[in-house]
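Residue numbers (this note's numbering), protein chains in the order written: chain A, 1 to 115; chain B, 1001 to 1109.
Read the hints as simulated data drawn from the structure, not as lab findings. All of these numbers come straight from a predicted model, not from anything done at the bench. Some clues are possibly wrong.
[Claimed, not checked] DMTMM-like, lysine to aspartate or glutamate: derived pairs with alpha carbons at most 25 Å apart: (1) B:1096 x A:14; (2) B:1096 x A:56; (3) A:44 x B:1008; (4) B:1096 x A:57; (5) B:1108 x B:1094; (6) B:1108 x A:57; (7) B:1096 x A:97; (8) B:1068 x A:63; (9) B:1077 x A:101; (10) B:1056 x A:86; (11) A:44 x B:1016; (12) B:1060 x A:86; (13) A:62 x B:1094; (14) A:78 x B:1008; (15) B:1052 x A:68; (16) B:1056 x A:56; (17) B:1056 x A:68.
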Amino acid sequence: EAGVAQSPRYKIIEKRQSVAFWCNPISGHATLYWYQQILGQGPKLLIQFQNNGVVDDSQLPKDRFSAERLKGVDSTLKIQPAKLEDSAVYLCASSLEGGRDSPLHFGNGTRLTVT
Amino acid sequence: GNSVTQMEGPVTLSEEAFLTINCTYTATGYPSLFWYVQYPGEGLQLLLKATKADDKGSNKGFEATYRKETTSFHLEKGSVQVSDSAVYFCALSDFKTIFGAGTRLFVKA
């Protein structure tokens, strides 16, 4: 099966600019996640979708971050305006059902550098 | 809230040495526990999992046992290889999946 696809792989922007990341999950996976991984740390959950509804966005900085999942398939994560501390790898993951026993399948991530 | 704590790295071992990476967790419910691995230049991938107390997850020679009494899920391998060099993440999942900070393993030939 095809894995989780993310683009772009790398992005460099200046602070206060905007940026968007795209994710295509594994076909048939109902649950989609966006994680932020700062260098040297573990991934931190930003938002979790079940089909096209938001299940958890408690750690999403909503004043600058937004995400949507169109028709319950692809998803985009946007940052506007970016800050220096947003420099990180943004990981998209999907799982078949989203229950506690379902493992996550990750994409290769987008490495964002904010200068 | 739920949390995961794992031993700091890096861990440096010689080939064929025994590996232990410690992981402890705090959870209010009954989560599932996972180990994920990130090889150089690759994305995170599942290594093994355990879904209830006393379950043992295993894969590629790695093992971890879900210990509810000590709230631990330590990763072990009897004989590491150079190809095991990677970053290992312990994680727990109930409503959402939470990761530890990761432990980098270097294996020398």
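Consistency of the hints with the structure:
1. B:1096 x A:14: 32 Å, violated
2. B:1096 x A:56: 8 Å, holds
3. A:44 x B:1008: 18 Å, holds
4. B:1096 x A:57: 11 Å, holds
5. B:1108 x B:1094: Cα-Cα ~37 Å, so violated.
6. B:1108 x A:57: Since the Cα atoms of residue 1108 of chain B and residue 57 of chain A sit roughly 42 Å apart, the hinted pair is violated (cutoff 25 Å).
7. B:1096 x A:97: With Cα atoms ~12 Å apart, residue 1096 of chain B and residue 97 of chain A stay inside 25 Å; holds.
8. B:1068 x A:63: 39 Å, violated
9. B:1077 x A:101: 23 Å, holds
10. B:1056 x A:86: Distance ~38 Å between residue 1056 of chain B and residue 86 of chain A Cα, so the pair is violated.
11. A:44 x B:1016: 33 Å, violated
12. B:1060 x A:86: Distance ~35 Å between residue 1060 of chain B and residue 86 of chain A Cα, so the pair is violated.
13. A:62 x B:1094: The hint holds at about 24 Å.
14. A:78 x B:1008: 32 Å, violated
15. B:1052 x A:68: Roughly 34 Å between the alpha carbons, so the hint for residue 1052 of chain B and residue 68 of chain A is violated.
16. B:1056 x A:56: 30 Å, violated
17. B:1056 x A:68: Since the Cα atoms of residue 1056 of chain B and residue 68 of chain A sit roughly 37 Å apart, the hinted pair is violated (cutoff 25 Å).
Hints 1, 5, 6, 8, 10, 11, 12, 14, 15, 16 and 17 from the earlier list are contradicted by this structure; the remaining hints agree with it.
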